[in-house]
Amino acid sequence: MDLAYIDNLAVNGHGPLHRAGAWSKLVMLAVVLAGVIFSRGWVPLTTMAALLVVLILVEGLPMLKLWPFLGYPVFFATLFALAAQGWSFLSLLTILRSLTAGLVLIIVLATTPYGELFQVLGRFLPTLVTDGLIMTYRCFFLLLDQLSNHLKALKLRGGYSGLAFWKNVPRVAAGLGIVFIHSWEMAERMYCIMALRGYQGKLGLRTASTGVCRYDLWPLVWGIIFGGVVIGI
Amino acid sequence: MKEVEQEIVRVNCLRHIYPDRTEIAICGLVFTIRRGERVAVLGPNGSGKTTLLSHIMGLLEPVEGLVEVFGRSPKKDFREVSKRIGVVFQNADEQIIGPTVMDDVAFAPLNHGLPPSEVKTLVEAIMRELDIWHLRDKIPHYLSGGEQKKVAVAGAMVMKPDLLILDEPFTGLDPKSRVEMVNLMNSLNARYGTALVITTHDMDLIPQIADQVYILNRGHLVLKGKPEEVLTRADVLREACLEPPILVDLFYRLSAAGLPVEPVVSAADAVRQLVELYQGDRMRSTF
Chain G
1 MDLAYIDNLA
11 VNGHGPLHRA
21 GAWSKLVMLA
31 VVLAGVIFSR
41 GWVPLTTMAA
51 LLVVLILVEG
61 LPMLKLWPFL
71 GYPVFFATLF
81 ALAAQGWSFL
91 SLLTILRSLT
101 AGLVLIIVLA
111 TTPYGELFQV
121 LGRFLPTLVT
131 DGLIMTYRCF
141 FLLLDQLSNH
151 LKALKLRGGY
161 SGLAFWKNVP
171 RVAAGLGIVF
181 IHSWEMAERM
191 YCIMALRGYQ
201 GKLGLRTAST
211 GVCRYDLWPL
221 VWGIIFGGVV
231 IGI
Chain V
1 MKEVEQEIVR
11 VNCLRHIYPD
21 RTEIAICGLV
31 FTIRRGERVA
41 VLGPNGSGKT
51 TLLSHIMGLL
61 EPVEGLVEVF
71 GRSPKKDFRE
81 VSKRIGVVFQ
91 NADEQIIGPT
101 VMDDVAFAPL
111 NHGLPPSEVK
121 TLVEAIMREL
131 DIWHLRDKIP
141 HYLSGGEQKK
151 VAVAGAMVMK
161 PDLLILDEPF
171 TGLDPKSRVE
181 MVNLMNSLNA
191 RYGTALVITT
201 HDMDLIPQIA
211 DQVYILNRGH
221 LVLKGKPEEV
231 LTRADVLREA
241 CLEPPILVDL
251 FYRLSAAGLP
261 VEPVVSAADA
271 VRQLVELYQG
281 DRMRSTF
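Residue numbers (our numbering), protein chains in the order written: chain G, 1 to 233; chain V, 1 to 287.
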């Protein structure tokens, strides 16, 4: 799962949703999520999912590259639904709910740089929480690289074999432990760097525009359509 | 000739004890940096280079000894001193904090409370100067090693610091990026009068990047001087587990073999001497 790919889409995309402010996309997201929670039938859920697919196509987002990101929520929702409810109409609703929520989230994430998202959230959450979210997101990539390098080294030195599951488990666990220790050291180094660059308890990042532009109408119109689907169908 | 004014850094016989009780003492010569000066610190791994830099940055406090930066204690007056220092660490990717390149370069001026319009002007100016304006919307994860180093330099230089600290700036760079980095450091030094302190193992680059060179060996500042004075001391360099630049080594060996050559640190000097030898009487009298 290449999250950096989503980041790249968000920063360098040029669709109407990319031009809209983060707040209007979050309004659309809220409407869809409310619809997902409160819909009681498969028709509105399926209609919303279909409309979201249309939105992906209209925005020119690479559908095939985005599908794998949807695989995770749908897979786990399916497991949960089958374990809790067996094959039933309720299971189908659970899976449809995860699919629709996943679709709208992926659209918002692929059209909004994460810094802008966190800034809007920062209006409602404490500074420490939003700063923590930003740093967690940034560190995630660095640690992912470290873990990937560690696993490569493990394989090259004969410490990992796809067939020997029980032998692999302690070695991979040891690798995760090393990455955890590295993350601790890295956190200390990053704090020093931030302090040297003037950090005083609040991250200095460019503020996303909070003004209203004509492109904000686009997600708001979609939000109204989704709202209409939930209420009307 | 570069104008060298007053002393901005002075370190004298400092001692530091790490939490694991490892003790590092940096004694011997007094370590100084003057305004606009380019200083290289050479030494083997574990000789105390990073400890020295960390004290100058104010990240560590010495148990004993003197550390003064701009006439202040960098640890006690951390905020004041750090405003005037730019730092580029060896792992540039860990230094990049912003979600995009432009966000990262804007990080320090925004933290220091500059108004957004001024931040924008400063950021655009330094990014254009370092020729990375085209990377402004890139996310850090996708940058090459050379680009990451340049972004880190932009982030460090955006506040126009009086002192730029570069810890192993050439590590992991290909030859082209290395040359670009050297040119970049020299142009920043010439344009803004920024003093540079650089640690490196790349001996061949020293004559191009330093006015003063310090050799640090097992916590002792054993030698200080101009590159041509220090790099030609093959004996001291070897004692400090450092290999002299290949040109210096070649002329050292030629001299030891009986050829009438002087130690050199630059290719131009070497060519001049060899041409003189070839063309002159000295060549004939030697053989």
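It should be emphasised that the hints constitute simulated quantities derived from the structure, not laboratory data. All residues carry an ideal CB built from backbone N, CA and C; glycine is no exception. Check the hints yourself; a few may be wrong.
As the list claims (entries may be wrong) - Covered stretches of chain G, as calculated for chain V (at least 3 residues, CB under 8 Å):
1. 5 to 11
2. 29 to 39
3. 79 to 92
Stated by the list, open to error - Capping the alpha-carbon separation at 35 Å, the derived lysine-lysine pairs in DSBU-like fashion look like this:
4. G/Lys155 to V/Lys176
5. G/Lys202 to V/Lys224
6. G/Lys152 to V/Lys176
Coverage claim, chain V over the segment 79 to 92 of chain G, checked by counting residues with Cβ within 8 Å (three needed): violated (count 0)
Three-residue Cβ test at 8 Å for the coverage of the segment 29 to 39 of chain G by chain V: violated (count 0)
Proposed proximity, lysine 176 of chain V with lysine 155 of chain G (alpha carbon, max 35 Å): 33 Å, holds
Per-stretch coverage check for the segment 5 to 11 of chain G, three Cβ contacts closer than 8 Å to chain V: With 3 residues closer than 8 Å to chain V, the segment 5 to 11 of chain G meets the three-residue bar; holds.
Pairwise hint evaluation, lysine 176 of chain V against lysine 152 of chain G, where the allowed Cα distance is 35 Å at most: Within the cut-off at roughly 29 Å; holds.
Restraint check for lysine 202 of chain G with lysine 224 of chain V, where alpha carbons must lie at most 35 Å apart: 42 Å, violated
In this structure, the earlier hints numbered 2, 3 and 5 are contradicted, and the remaining ones agree with it.
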